[in-house]
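Go ahead and model the full structure; you've got the sequences and the hints to work with.
All letters in the sequence shown, in the order written, are residues 89 to 332 by my numbering.
Treat the hints as calculated values from the structure; they're not laboratory data.
What you are looking at is a predicted structure, and each value in this text was computed from that prediction instead of being measured.
Virtual Cβ for every residue (Gly too), placed ideally from N, Cα, C.
Keep in mind that the hints are not guaranteed to be accurate.
Claimed, not checked - Straight-line distance between alpha carbons at most 25 Å, and here's what the computed DMTMM-like set of lysine to aspartate or glutamate pairs gives: (1) 224 - 241; (2) 175 - 205; (3) 293 - 323; (4) 175 - 101; (5) 175 - 208; (6) 175 - 99; (7) 225 - 211; (8) 117 - 202; (9) 97 - 145; (10) 224 - 211; (11) 97 - 208; (12) 97 - 202.
As the list claims (entries may be wrong) - Okay, the calculated beta carbon distance ranges per label pair: (13) 147 - 331: 31 to 41 Å; (14) 258 - 91: 26 to 36 Å; (15) 101 - 140: 16 to 26 Å; (16) 198 - 288: 42 to 52 Å; (17) 313 - 273: 52 to 62 Å; (18) 107 - 129: 16 to 26 Å; (19) 121 - 235: 50 to 60 Å; (20) 140 - 313: 30 to 40 Å; (21) 145 - 331: 35 to 45 Å.
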Amino acid sequence: MIRCLYIIKSDGEPLYGRTFEEDSYIDLKAIPSIVRNSVVLFQSSSSTSSERVYTLEQDHCLWAYAFFHSFAIVAQSNDSGHINALKNTLLSFGRTLSRQYVQIIDSWCGSMSEIVDINELIDSYFSMKMSTLTRKKLASIDKLLYSIMEQPEISFVGVFDSNGHMLSGNVPESHLFRLEIEISQGSVRPIMDIVPTSVTSGDHKVQLLRVHSFTVAVAADPSESTLHAISAAGELAHSLNEML
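Encoded structure:
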């Protein structure tokens, strides 16, 4: 979904550049002018709001800009069909980056690509797709889900990617389309909250929690309290977050 990712200071100074198509870092001197110029232009406008994503289309590519206190995140995508999922991922990543590295960003000069923790953080949000999940991690996810499925109060459970496609679980087909729409179009909060987002699908109330670029979904049997699903969703999200 994302071709390139950049982290730019508010004054236009580039800090990080990476292409996911080749999985390599970008020379900060070679960053496209549209990236730096657009960041400075947006920042100079009084109508630009923090923690909001703005988009531009150029040459059949979508550019997304997310602004925070002292930096901006810029992503280039060739898929405009999942723009809400892209926005949510950028906001979630940006908030985490701001919380953990804002002091470093304020004083940093040059490339941040050598900071291992930042690369791992970026991988967890943008590189963790089904095609890059190892069999070991898929097996670990299955094991987490089986432990939830064994609870008699739980009707179904699943783990979905950022596009709303189920990676693992036993969610019935009759619920998949509804959940895909909710996840891909941004109804789920872009951070892992204590209280899940609740979505009604048929007779079930499905509890959704976002974990990085993934979403966990748990529904209790209609005859049972939704507290069972809320508790299970929280446990699953916590375990998945630790595993990733």
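Evaluated hints:
1. 224 - 241: violated (28 Å)
2. 175 - 205: holds (23 Å)
3. 293 - 323: Within the cut-off at roughly 17 Å; holds.
4. 175 - 101: Status holds; Cα separation ~23 Å.
5. 175 - 208: holds (20 Å)
6. 175 - 99: holds (22 Å)
7. 225 - 211: holds (15 Å)
8. 117 - 202: Distance ~16 Å between residue 117 and residue 202 Cα, so the pair holds.
9. 97 - 145: holds (22 Å)
10. 224 - 211: holds (17 Å)
11. 97 - 208: holds (20 Å)
12. 97 - 202: OK: residue 97 and residue 202 at ~17 Å, within 25 Å.
13. 147 - 331: 31 to 41 Å: Hint holds: Cβ distance 39 Å, inside 31 to 41 Å.
14. 258 - 91: 26 to 36 Å: holds (34 Å)
15. 101 - 140: 16 to 26 Å: holds (22 Å)
16. 198 - 288: 42 to 52 Å: Check passed, 50 Å falls within 42 to 52 Å.
17. 313 - 273: 52 to 62 Å: Because 28 Å falls outside the window, the suggested range is violated.
18. 107 - 129: 16 to 26 Å: holds (23 Å)
19. 121 - 235: 50 to 60 Å: holds (51 Å)
20. 140 - 313: 30 to 40 Å: holds (37 Å)
21. 145 - 331: 35 to 45 Å: Check passed, 36 Å falls within 35 to 45 Å.
Checked against the numbered hints listed earlier, the structure breaks hints 1, 17; every other hint is satisfied.
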